[in-house]
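Going by numbering that gives the first Met the number 0, the letters in the sequence shown line up with residues 0 to 668, in that order.
These aren't lab readings, by the way, just hints derived from the structure by calculation.
There's no promise every hint is true.
With a straight-line cut-off of 30 Å between C-alpha atoms, the simulated DSBU-like cross-links for lysine-lysine are [to be verified]:
hint	residue 1	residue 2
1	Lys473	Lys372
2	Lys542	Lys356
3	Lys92	Lys54
4	Lys473	Lys540
5	Lys542	Lys473
6	Lys521	Lys372
7	Lys540	Lys521
8	Lys372	Lys356
9	Lys542	Lys521
10	Lys372	Lys92
11	Lys549	Lys473
12	Lys540	Lys661
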Amino acid sequence: MNLQWRRPQRLFPHPNKVHNAILSNQKPNISTHCRHGAAENMDPELIDPELIYAKTASGEEAMLQRTRVVQRNVRMVLILVDGNATVAELCNKTGNAQLTEHALLELEDDGFIERRADEDSVWIRGRKPGQKGKGGSAQPVSEFSVFGDRETPESGASSLSGDDVTRIIPFPEGRTGRPSTEPLSSSSLPPSALTPPHYPVGPQSGTVFLPKAEAMSEGPAAAGGTAPPVPSLWGRLQDWLSEVGSDLKPIRRGQVRLHLTWPVVIVLGVLSLSALLALLVLIAWVFPYGRYLPEVEAALARSTGQSARVDQMHVTLYPMPGLLLTDVRLGDQGKGDAVRIAELRLQPVLGTLLSSKVLFREMALSGISLSAKDVDSLARIFESAARQLADAGVQRVAIAQANVTFAGLGFDDLSGEFELSADGLLQAVSLHSPDRSLQLDARPTANGLVVSVDGLGWRPSPRSRYRFDSFSLKGTIDGSVLVIDSMDMRVFDGRVSGALILRGDGPPAMAGEITFERINSKRFSEALGIGEQFEGDAAGKLKFSAMSPKWSTVFSAVHADGEFTMSRGSLGGIDLPEAVRRASATPATLGGATRFEQLSGAIRLTPDSYRFSRLVLHAGTMQSTGQLEVSRDLQLRGRMDVQMRARTDQSATPVSISGSLKTPQLQIR
């Protein structure tokens, strides 16, 4: 025998193990499983050796919790399951096939592992060794292979039967000499044709050997499988559009076909919508509404129980579609109790337009003047509208630009709504200013109209010197009399409380009593327009009354009497200690100030003057008593007796005060 050393040829990875075997001149191993060791003792009827198990979510938790799987062998098998190893490989790892199979079945019953449903690809399965059937019989090797057991010859028919595990790739279409597909009989062929020719092997061979399962699943033409899946409707539509766009061209027959893009479509849609809206506005504007005014006035009269007059009527689309009535007057104009509304906007419920009683979703009143009589009239109107025989009903009533007045006094530019009960009766009128610094609530009762007014950071006018930090007024309006029985105001860093009565049946008149405390005298005098000469916290009581031809001058006609006390302040321009000290040198003293711990006395206010009497001033070792009077033109006149207790002569020194309030003069008598 000629023994010659041959350098081993290096094999590169290739999905076909038969091809590698041909290159290495070795006989390939075509057994179904590499059964060795513990895997040879497996029971193929108990479990499939090539089955792959993977852990479930419960199995992952069981690995971390020892109390879930207690048996060591079962836990060991659970740890080995990784989703890639087959049952045969697990048996080889444990060394006990029976123990491994029973453990796998137990874990599967408990839900810790599950069988993998996905299959390997053709190339992965091509690298695996051939598998034997469960019966243990090996499948025959192809007759056209260059290796295999040739000792038992088989007929050509058996080698090409359906039990073969391999198939031959069809002859290429473009190669010349392609054999005919017509069936040939053995009698028509020469004897040499029945002998299988010698085909080249190795990389030059055009034959690929695949397992039987693969060969049968190649396609419906080779294995007789099912037809390919039918494409969806959307896929067929896309294919048709692509074919139309690429192959077909529109045939022009004398007409130009417009191609509209999305921007053009959007612009055309906007223009169409605008034209439609313009048409609706034009129709709403030119419609002859005047013909139907008498019917609308009659319907309002029947619903409100009052005579009704409407100046104009038309339909509006903004901000909400509805019917707009202008200059509406409800009630008898001769008696003076008519309610006048600048604009009345009605938004009906479309479903009730053809019914016997029209229901309005909202009724908006704009430019309405509300007095106590008007609120009472509105209460009667809503009571009439709530009847079953009324032609219309209202769900909500909104108010805008309303003026609330009482005998000439009131608030302007208020907004809000009417609060209605479940049966449509007027319960309250709730209004507020644009900045919500003022809140007003009026409720009609049998004894009159209960009024509540609250303010926060409110000024009587935008440029007013008086700013109320907060105030609360509660009272009742009975006819032409407003009784405020509870008044609490925070103003000038202090508090004012009391009661007040306002009358409007004749000349404007008011009367009341107030108590004030911690009023900043400097801010108060500045608001009165007399400067910042006086400082201190004032407290006291005051009873007052006034009557005037009009409300704007009622405060100038006030008559008041009361008492006051000021603490920790000063009198600017009046320097009493300096006047006593310089009595022998100069006849008069100008400027300066007198600081004091306390100043108390009585006050009387008249339309002509402000008189302060029984004044007592304490300032350290000085004590002074006297009286002062300030005229309407701010001229000062008075006398103070000054006593210096630190001097040996403790007799009082009289000091006269005169001049204007801005520059008073002090002189010893």
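Can you confirm whether the C-alpha distance between Lys521 and Lys372 stays at or below 30 Å?
Cα-Cα ~42 Å, so violated.
Given the hint that Lys549 pairs with Lys473, does the C-alpha gap stay at or below 30 Å?
Holds. Lys549 to Lys473 sits at ~24 Å (cutoff 30 Å).
Hinted pair, alpha-carbon criterion (30 Å max): Lys540, Lys521. Please report holds or violated.
holds, 19 Å
Is Lys372 within 30 Å of Lys92, Cα to Cα?
violated, 103 Å
Verify the proposed pairing of Lys473 with Lys372, using a straight-line Cα cut of 30 Å.
Holds - the C-alpha atoms of Lys372 and Lys473 are around 19 Å apart, at most 30 Å.
Going straight from one Cα to the other, do Lys542 and Lys521 come out at no more than 30 Å?
holds, 22 Å
Check the hint pairing Lys542 with Lys356 against an upper bound of 30 Å on the C-alpha distance.
Between Lys542 and Lys356 the Cα gap is close to 57 Å, so the pair fails against 30 Å, i.e. violated.
Given hint Lys54 paired with Lys92 - CA-CA distance at most 30 Å:
Cα-Cα ~18 Å, so holds.
Is the hinted pair Lys542 and Lys473 satisfied, with a Cα-Cα distance of at most 30 Å?
holds, 19 Å
Restraint status (C-alpha distance of Lys473 to Lys540 at most 30 Å)
Given pair Lys473, Lys540 holds - Cα atoms ~21 Å apart, limit 30 Å.
Decide if the proposed pair is consistent with the structure: Lys372 and Lys356, CA atoms, cutoff 30 Å inclusive.
holds, 28 Å
Verify the proposed pairing of Lys540 with Lys661, using a straight-line Cα cut of 30 Å.
Holds - the C-alpha atoms of Lys661 and Lys540 are around 27 Å apart, at most 30 Å.
In summary, the structure is inconsistent with hints 2, 6, 10 from the numbered list given earlier, while agreeing with the others.
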